[in-house]
Amino acid sequence: MKHLVGIIINSPKQKDLELMVRHRSIHTVPIGGKYRLIDFSLSNIVNSGISKIGVIGSYMYRSLVDHLGSGEEWNLSSKSNDLAILHGGKNIKIGEITRINLQDFIDNEAFFTKVSSSVEDVVLCGCNIICNFDLKEAIKFHRENQADITMVHKEDYTGELSDNEAVMEVMDHKVTKLGYSADRRAQSHNVYADMMIIKKELLQNIIEDVKTTGEIDLLDVITNNLENLNIFAYPIEGYFKIINSRKSYFDCSMELLHAEIQREIFHGERKIYTKTKDNHPAIYSVNSKIKNSLVASGTIINGSVENAIISREAIIEEGVKIKNSVIMQNCVIEKDTIIVNAILDKYVRVTSGKVLVGTEKEPLMIRKDSVI
Amino acid sequence: MKHLVGIIINSPKQKDLELMVRHRSIHTVPIGGKYRLIDFSLSNIVNSGISKIGVIGSYMYRSLVDHLGSGEEWNLSSKSNDLAILHGGKNIKIGEITRINLQDFIDNEAFFTKVSSSVEDVVLCGCNIICNFDLKEAIKFHRENQADITMVHKEDYTGELSDNEAVMEVMDHKVTKLGYSADRRAQSHNVYADMMIIKKELLQNIIEDVKTTGEIDLLDVITNNLENLNIFAYPIEGYFKIINSRKSYFDCSMELLHAEIQREIFHGERKIYTKTKDNHPAIYSVNSKIKNSLVASGTIINGSVENAIISREAIIEEGVKIKNSVIMQNCVIEKDTIIVNAILDKYVRVTSGKVLVGTEKEPLMIRKDSVI
Amino acid sequence: MNNQKCIAMLLAGGQGSRLKNLTVNNAKPGVMFGGKYRIIDFSLSNCFHSDIFTVGVLTQYKPLLLNRYIGNGSSWALDKIDQGVYILPPYVDKQGGNWYFGTADAVYQNLAFMDMYNPEYVLILSGDHIYKMDYAKMLKYTIEKDADLTVSVMEVEWEEASRFGITNLGEDMRIVTFDEKPEKPKNNMASMGIYIFRWSILREALIRDANDESSDHDFGKNIIPMLLNENKSIFAYLFEGYWRDVGTIESYYKANMDLLSDSKEFDLSSKEMRIYSNNRNSQPHYIGECANIDNSLICDGCLIEGHVTHSILSYDVTVGKNAVIKDSILFNKVVVEEGAVIEKAIIGENIRIEKNKKIGNENSEEIIVIA
Amino acid sequence: MNNQKCIAMLLAGGQGSRLKNLTVNNAKPGVMFGGKYRIIDFSLSNCFHSDIFTVGVLTQYKPLLLNRYIGNGSSWALDKIDQGVYILPPYVDKQGGNWYFGTADAVYQNLAFMDMYNPEYVLILSGDHIYKMDYAKMLKYTIEKDADLTVSVMEVEWEEASRFGITNLGEDMRIVTFDEKPEKPKNNMASMGIYIFRWSILREALIRDANDESSDHDFGKNIIPMLLNENKSIFAYLFEGYWRDVGTIESYYKANMDLLSDSKEFDLSSKEMRIYSNNRNSQPHYIGECANIDNSLICDGCLIEGHVTHSILSYDVTVGKNAVIKDSILFNKVVVEEGAVIEKAIIGENIRIEKNKKIGNENSEEIIVIA
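These protein sequences, in sequence, are chains L, H, D and P.
Each residue of the first sequence is one higher than the last, beginning at 1 in the working numbering.
Each residue of the second sequence is one higher than the last, beginning at 1 in the working numbering.
Each residue of the third sequence is one higher than the last, beginning at 1 in the working numbering.
Each residue of the fourth sequence is one higher than the last, beginning at 1 in the working numbering.
Take the hints with a grain of salt, since some may be wrong.
As a list, the in silico DSBU-like pairs of lysine-lysine whose alpha-carbon atoms are at most 35 angstroms apart [claimed, not checked]:
no. : chain 1 : residue 1 : chain 2 : residue 2
1   : H       : 321       : P       : 254
2   : L       : 199       : L       : 211
3   : D       : 264       : L       : 277
4   : D       : 80        : L       : 79
5   : H       : 289       : H       : 275
6   : P       : 232       : P       : 264
7   : P       : 5         : D       : 80
8   : D       : 80        : L       : 114
9   : D       : 264       : D       : 140
10  : D       : 264       : H       : 79
11  : H       : 79        : D       : 254
12  : H       : 79        : L       : 335
13  : H       : 140       : D       : 137
14  : H       : 2         : H       : 199
15  : L       : 79        : P       : 264
16  : P       : 5         : P       : 232
17  : H       : 114       : L       : 199
18  : L       : 354       : L       : 247
19  : H       : 275       : P       : 232
20  : D       : 326       : L       : 291
21  : H       : 289       : P       : 357
22  : D       : 80        : P       : 333
23  : H       : 136       : D       : 145
24  : D       : 254       : H       : 271
25  : H       : 114       : L       : 321
26  : D       : 271       : D       : 132
27  : P       : 132       : L       : 199
Simulated coverage check for chain H against chain L, where a stretch passes if three residues somewhere in it have a Cβ under 8 angstroms from a Cβ of chain L [stated by the list, open to error]:
no. : segment
28  : 54-62
29  : 66-77
The calculated label-pair distances, taken between Cβ atoms and stated as ranges, are [what the hints assert, rightly or not]:
no. : chain 1 : residue 1 : chain 2 : residue 2 : range
30  : P       : 68        : H       : 171       : 49 to 55 angstroms
31  : H       : 227       : L       : 354       : 44 to 50 angstroms
32  : P       : 176       : H       : 352       : 52 to 58 angstroms
33  : L       : 49        : P       : 357       : 54 to 60 angstroms
34  : D       : 200       : P       : 51        : 26 to 32 angstroms
35  : D       : 339       : L       : 354       : 36 to 42 angstroms
36  : D       : 339       : L       : 172       : 48 to 54 angstroms
37  : D       : 238       : L       : 360       : 56 to 62 angstroms
38  : P       : 186       : L       : 204       : 53 to 59 angstroms
39  : P       : 211       : L       : 235       : 41 to 47 angstroms
40  : L       : 235       : P       : 230       : 47 to 53 angstroms
If you are wondering where the hints come from, they were derived from the structure by calculation, not from laboratory data.
For every residue, glycine included, the Cβ atom is placed at its ideal position computed from N, Cα and C.
Please construct the entire structure, taking both the sequences and the accompanying hints into account.
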């Protein structure tokens with residue numbers, strides 16, 4: 001897949017994820033025991049054969065740079081400059097939500113100039129979507145239809161829609177209507193899946209036009225030009241989730257424990273890559289009891305665990321009972337604790353004997369580094 | 001050199017370098033034909049044997065991340081997380097100059113927590129100083145004297161001093177006075193060389209105190225505590241230059257052409273590392289005439305060049321005469337052009353027959369990507 | 001790259017035939033250990049933690065997989081400029097090539113490699129040891145003693161002593177005599193096969209040994225006695241801690257099971273001198289609804305729906321419903337189908353154990369090996 | 001890693017004795033070329049640009065330096081997961097090992113390596129060619145023709161033709177006969193020693209050839225004629241562009257000087273299919289007050305105070321005052337002291353030419369080689 005460049009955009013701040021994005025950009029919110037949100041989009045792009053990729057970060061870029069390195073873990077070569085981390089996320093007007101911020105493209109002009117000579121199409125992906133998607137097929141579809149833009153969409157999306165998700169109507173594989181979910185007129189569960197393929201020249205023209213039109217949101221530009229442009233829709237059939245709130249984060253985590261979704265996301269042909277770590281294998285003691293859970297390396301499990309995600313280097317001491325919960329990296333759950341329907345961010349320590357119980361609708365969320 | 005961590009700080013905006021720092025952070029201003037300013041501090045730290053290094057970037061981090069990669073070129077290993085790029089440069093109060101911004105340390109707490117357990121001392125270096133300095137000796141001095149802080153200084157500094165350079169008085173190897181060069185009472189050419197070694201615990205205490213004192217500039221904290229602390233001064237003997245203005249940039253470039261300075265900086269025991277590129281060797285045509293110049297790889301030289309720095313992939317066509325100038329990467333100087341006392345930023349194209357002549361005191365500066 | 005203080009030569013050579021079919025397609029140091037690791041990880045990680053960044057790996061048997069595994073050494077942070085890990089197979093010249101004849105011969109055949117670095121000291125390591133050791137401390141000791149050779153020793157059980165090279169010490173830890181596998185050991189200070197030589201001494205000794213046709217070209221049998229005879233300055237360095245030679249199926253199995261023991265003789269979870277490895281990019285392991293796991297080590301990528309007890313599972317192992325794994329070691333990508341039972345067995349990479357099949361017996365003395 | 005479309009086997013074996021003392025310490029593909037490059041850079045860069053990310057380098061002679069130079073292949077962006085560059089020296093087993101007997105034997109001895117990848121096609125390359133070629137185009141051609149074997153050919157001067165393997169073509173570029181170095185060539189379509197084989201065909205042919213004691217185990221002499229005899233589907237692929245075999249001092253010198261010619265037969269400055277290299281981290285070169293340079297290639301790290309004309313200087317070369325370098329090639333770290341004169345010579349790495357010494361003669365036929 002030469003002639004293509006992939007861009008992972010910097011999603012607008014998801015206010016409902018607040019505790020999780022206070023100290024990190026949304027790209028690097030941990031999920032699934034060892035992944036960061038960005039791993040899914042990045043792996044999908046890599047698995048399609050694209051090897052020129054730009055990732056637009058925010059002003060909090062330490063964890064992103066640390067996570068991605070030179071991209072070797074995603075099979076990207078540093079010698080051929082396969083991966084570039086781009087700056088972004090500034091110049092957002094107060095109160096306004098910019099879904100796909102063209103200013104980020106303008107700020108990184110040097111990158112686009114460098115890679116664009118042989119490029120025909122640009123793939124734009126969000127950084128907070130969970131799926132294992134065969135982008136190659138969508139690209140094929142885009143080219144066969146000689147589309148200006150191909151927008152990937154999920155019909156009958158059942159997940160939560162925050163105000164700034166885009167929804168659409170589709171007829172004969174073409175996008176006929178596009179709007180924000182907050183907009184009353186656009187009642188629809190046919191959601192834009194935050195992945196599109198766009199002709200490079202069209203994107204360049206749109207960026208050029210920003211200077212005169214002042215229209216900074218690519219989605220708005222597309223909405224305004226639905227009739228002038230050849231905009232196709234490509235459906236995503238498999239599992240798809242947008243992570244935009246505590247609830248959607250929790251639901252997605254629990255869904256990853258479903259045997260079928262588990263298999264689709266992790267055991268298929270296309271692998272989800274992430275940064276590897278030198279952890280020991282998970283250590284189960286004689287007292288451990290566990291079922292229906294995802295467990296990462298470096299963990300020590302002495303207690304009982306059911307329907308949970310136990311992330312790297314978490315320690316579960318004796319007598320602990322964990323159910324329907326997400327325990328992030330380096331958490332320590334001391335003796336005889338009970339945790340149900342909760343999300344514990346990294347490095348949380350729950351001291352012995354505590355009981356933390358949330359509801360399925362409103363799981364507890366414990367902030368990074370807390371001691372409880 | 002375990003027990004030490006090196007931090008390259010984010011220097012306050014140097015307004016007199018304006019054209020050069022408009023599109024990049026000051027770390028990555030090109031110099032010497034193939035280097036970036038940061039290469040000198042980073043190489044000095046690496047050559048002292050320190051292998052835990054943090055680099056504080058600005059909000060324009062693309063070029064910094066691209067330049068440093070995982071640090072392999074500086075012999076830093078990605079597996080052992082030798083190099084971290086930290087976010088920084090926000091929260092600066094308007095109008096105020098913060099010389100060493102403690103907020104940057106607070107914002108990157110996670111990094112400091114991770115590395116600090118076995119660390120005794122922290123080395124802080126500026127990102128815009130040109131020297132090949134034996135930091136190992138200064139560390140030895142610091143430890144022999146059981147100093148709280150050892151500040152490296154240059155006596156009789158002849159370069160330009162911008163308002164926010166620190167100057168000091170020294171007696172018996174101890175710092176007795178410290179102030180900004182803008183301060184009339186501090187008339188001195190004994191300049192702080194933007195390198196210090198500070199006890200980790202002291203630095204931690206100072207950072208902790210920010211929350212109560214509100215004092216955000218480490219240099220101010222030191223100034224206020226000159227008498228309470230054990231602050232030593234260590235002189236730098238060799239070549240030293242602060243790059244804080246167009247003039248100092250130009251002077252430094254010309255000084256790098258002096259045989260002796262050239263030898264000290266580039267041909268000594270300690271190497272200055274930078275990112276390598278796959279350029280062809282410099283190509284000299286039958287018509288080339290050249291003397292007293294530094295020429296990088298990837299260049300093509302058909303014209304005549306004297307006292308100049310010709311950076312990577314620059315093309316000098318026939319009949320061109322270049323004298324006392326800096327030609328940055330990827331410039332194209334077309335036929336029969338005359339260039340004297342000028343600095344041409346990257347990707348400048350000078351079309352044929354033009355004459356660009358500055359003065360030694362005020363060299364011409366041509367902005368990146370210009371066509372003239 | 002010249003004048004490095006100390007480089008390491010790691011003897012990874014033997015076919016490891018005592019490890020039976022585990023080494024059919026893989027050199028001994030490349031055999032899996034403790035789930036995700038390979039035996040060589042332990043020595044290479046020790047090198048990194050000891051600031052020894054140049055390691056020659058002397059291998060002759062099936063170097064292909066080991067070569068791919070080691071790559072450029074970046075997995076152990078040994079990818080420094082002009083330093084790193086180098087695989088050194090036997091050299092073939094126009095007259096043909098030879099299998100390394102003995103430990104000393106293997107090092108001798110790579111004189112050119114060591115000459116290239118011209119270090120002050122050479123550390124000789126063995127590729128089939130499980131331990132954590134800071135060689136930097138041993139090097140410091142060597143320099144302080146101004147020794148020509150330092151031999152790392154540890155106390156072993158008296159009844160085991162005759163399996164080792166036994167050092168008899170004078171005052172100040174000086175080695176007076178050295179008995180290779182003595183029938184009647186005079187003490188229980190055993191050589192661990194870890195040496196630091198002054199390079200000039202080693203170089204000269206190897207050349208003389210190579211010209212001695214009666215020699216077996218072995219460090220323990222030939223080189224050390226020769227240097228002792230010449231009154232070279234040779235000291236013992238006392239190592240205390242966990243150390244195992246895993247050269248036989250029994251010792252290999254036992255050392256693996258040590259990782260599961262309550263007493264944590266070797267604690268993988270310790271952050272000190274962490275063992276690095278060439279990590280696979282696999283998903284977290286998934287434990288199904290009806291699974292049961294205790295007292296085990298489980299690696300990423302596993303999919304477990306059966307019962308696992310007192311066992312070690314490497315990457316990407318599948319255990320079907322009602323399958324039982326007990327007292328066993330399963331290598332990468334083993335598939336255990338529904339209802340199969342595996343007890344006290346070692347199952348090599350990519351093996352599929354069919355439905356309801358029974359392998360091994362928990363009460364048996366014998367350890368079944370399938371590869 | 002299985003079922004890759006195409007992997008490359010690069011024959012880097014020969015001692016290159018016709019390159020005289022340039023190969024005393026270095027295998028031929030490791031010899032410097034064009035200043036900063038080494039000969040093997042050209043083939044490896046071609047592989048990257050052709051999306052062939054797995055390359056086995058078959059080497060036997062002095063692999064140590066080449067090994068270090070190639071590392072894990074990251075210099076050519078060939079460090080992908082489960083892919084990359086692998087050095088494959090002759091294999092030594094208990095019975096000892098053998099120098100590769102011929103080009104086909106070298107590949108045969110590494111069947112296990114290719115089996116590991118089990119590709120559809122195998123590209124056979126030679127390590128001593130200077131050229132830019134997109135093998136992906138040749139692979140596409142092979143697939144379109146559904147060929148068992150494709151041989152890359154080019155038109156050569158008629159008087160040169162008898163030095164090459166000559167293909168006689170039928171319609172549609174099908175190879176009808178193949179004459180290895182014919183005395184009286186029937187045409188001038190020469191094989192470049194670059195082949196794409198269908199792996200199943202190659203595997204079977206190599207095994208048969210290995211069992212044929214009368215065979216020289218050479219692709220040109222044995223394998224291709226054998227397959228032609230069996231009516232396999234064999235096509236020629238016409239290459240147009242610059243291509244040189246640099247197996248002799250004369251051809252090596254001439255190809256270097258081609259880089260300086262006005263006609264730019266091989267244009268290093270072209271951005272297309274850029275040649276990658278294991279780059280040194282050296283400073284820009286410095287030209288002194290009294291220096292004079294024309295029609296030359298100069299690498300980073302040089303320090304030039306003398307006169308350089310129509311010459312190629314590799315990394316870190318020093319040329320003293322009033323020294324003259326003409327029509328010459330200087331390798332890394334050569335030091336030419338004041339007043340020395342070098343004409344029409346090749347000076348190997350680290351050589352020091354003393355003050356006022358004179359080497360070579362610009363009018364001589366002979367090229368002086370000092371190494």
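Hints, one by one, checked against the model:
Only pairs whose Cα atoms come within 35 angstroms are accepted, and residue 321 (chain H) paired with residue 254 (chain P) is accepted, the gap being roughly 33 angstroms. At roughly 20 angstroms between alpha-carbon atoms, residue 199 (chain L) and residue 211 (chain L) fall within 35 angstroms of each other, so this suggested pair holds. Simply put, residue 264 (chain D) and residue 277 (chain L) have alpha-carbon atoms about 22 angstroms apart, close enough for the 35 angstroms limit, and the pair holds. Restraint check for residue 80 (chain D) and residue 79 (chain L): satisfied, since their Cα atoms lie roughly 17 angstroms apart, inside the 35 angstroms limit.
The hinted pair formed by residue 289 (chain H) and residue 275 (chain H) meets the criterion: a straight-line CA distance of about 29 angstroms does not exceed 35 angstroms. Proximity of residue 232 (chain P) to residue 264 (chain P) is assessed by CA-CA distance (about 40 angstroms); at most 35 angstroms being required, the pair is judged violated. Note on residue 5 (chain P) and residue 80 (chain D): the hinted pairing holds, with a Cα-Cα distance of about 33 angstroms set against a maximum of 35 angstroms. With a C-alpha separation of about 30 angstroms, the suggested pair residue 80 (chain D) and residue 114 (chain L) falls inside the 35 angstroms cut-off, and the hint holds.
Our distance criterion of 35 angstroms between C-alpha atoms is met by residue 264 (chain D) and residue 140 (chain D), whose separation comes to about 29 angstroms. For the proposed pair residue 264 (chain D) and residue 79 (chain H), the alpha carbon gap of about 27 angstroms is at most 35 angstroms, so the pair holds. Restraint check for residue 79 (chain H) and residue 254 (chain D): the C-alpha separation of about 31 angstroms stays at or below 35 angstroms, so the hint holds. Between residue 79 (chain H) and residue 335 (chain L) the CA atoms are separated by roughly 34 angstroms; this keeps the pair inside 35 angstroms, and the hint holds.
Restraint check for residue 140 (chain H) and residue 137 (chain D): the C-alpha separation of about 22 angstroms stays at or below 35 angstroms, so the hint holds. A C-alpha spacing of about 14 angstroms is found between residue 2 (chain H) and residue 199 (chain H), which places the hinted pair at or below 35 angstroms, so the restraint holds. At most 35 angstroms may separate the alpha-carbon atoms for a hinted pair to count; residue 79 (chain L) and residue 264 (chain P) meet this at roughly 27 angstroms. Restraint check: the Cα-Cα separation between residue 5 (chain P) and residue 232 (chain P) comes to about 21 angstroms, which is no more than 35 angstroms; the hinted pair holds.
Straight-line distance between C-alpha atoms of residue 114 (chain H) and residue 199 (chain L) comes to about 44 angstroms, which puts the hinted pair past the 35 angstroms bound. Taken as a hint, the residue 354 (chain L) and residue 247 (chain L) pair is honoured in the structure, with Cα atoms around 23 angstroms apart against an allowance of 35 angstroms. Note on residue 275 (chain H) and residue 232 (chain P): the hinted pairing is violated, with a Cα-Cα distance of about 50 angstroms set against a maximum of 35 angstroms. For the hint linking residue 326 (chain D) to residue 291 (chain L), the alpha-carbon distance of about 18 angstroms falls within 35 angstroms, and the restraint holds.
Distance check on the hinted pair: residue 289 (chain H) and residue 357 (chain P) sit about 26 angstroms apart at the alpha-carbon level, within 35 angstroms; holds. For the given pair, residue 80 (chain D) sits about 22 angstroms from residue 333 (chain P) by alpha-carbon distance, which is consistent with the 35 angstroms threshold. Taking the CA atoms of residue 136 (chain H) and residue 145 (chain D), the gap is about 27 angstroms. The hint holds against a cut of 35 angstroms. About 50 angstroms separates the Cα atoms of residue 254 (chain D) and residue 271 (chain H), which puts this hinted pair outside 35 angstroms; it is violated.
Note on residue 114 (chain H) and residue 321 (chain L): the hinted pairing holds, with a Cα-Cα distance of about 30 angstroms set against a maximum of 35 angstroms. Restraint check for residue 271 (chain D) and residue 132 (chain D): satisfied, since their Cα atoms lie roughly 12 angstroms apart, inside the 35 angstroms limit. Between residue 132 (chain P) and residue 199 (chain L) the alpha-carbon distance is near 31 angstroms, which keeps this suggested pair within the 35 angstroms criterion. Restraint check on the segment 54-62 of chain H versus chain L: 5 residues with Cβ-Cβ distances below 8 angstroms, three needed, restraint holds.
Here the segment 66-77 of chain H counts 4 residues with a CB under 8 angstroms from a CB of chain L, which clears the bar of 3, and the coverage holds. Here the CB-CB span from residue 68 (chain P) to residue 171 (chain H) is close to 52 angstroms, well matched to the stated 49 to 55 angstroms. At roughly 49 angstroms, the beta-carbon separation of residue 227 (chain H) and residue 354 (chain L) lies within the given 44 to 50 angstroms, and the hint holds. Restraint check, residue 176 (chain P) to residue 352 (chain H): a C-beta distance of roughly 56 angstroms satisfies the suggested window 52 to 58 angstroms.
For the pair residue 49 (chain L) and residue 357 (chain P), the supplied restraint of 54 to 60 angstroms holds, since their beta-carbon distance comes to about 57 angstroms. Between residue 200 (chain D) and residue 51 (chain P) the beta carbons are some 50 angstroms apart, a value that contradicts the proposed interval 26 to 32 angstroms. Checked against the hint of 36 to 42 angstroms, the pair residue 339 (chain D) and residue 354 (chain L) passes, with Cβ atoms roughly 41 angstroms apart. Taking the beta carbon of each, residue 339 (chain D) and residue 172 (chain L) are about 52 angstroms apart, inside 48 to 54 angstroms as hinted.
Evaluation of the 56 to 62 angstroms hint for residue 238 (chain D) and residue 360 (chain L) yields a pass: the beta carbon distance comes to about 59 angstroms. A C-beta distance of roughly 55 angstroms is found between residue 186 (chain P) and residue 204 (chain L), which places it inside the suggested range of 53 to 59 angstroms. Between residue 211 (chain P) and residue 235 (chain L) the CB atoms are about 57 angstroms apart, so this pair departs from the stated range of 41 to 47 angstroms. Taking 47 to 53 angstroms as the suggested C-beta distance range, the pair residue 235 (chain L) and residue 230 (chain P) conforms, at roughly 51 angstroms.
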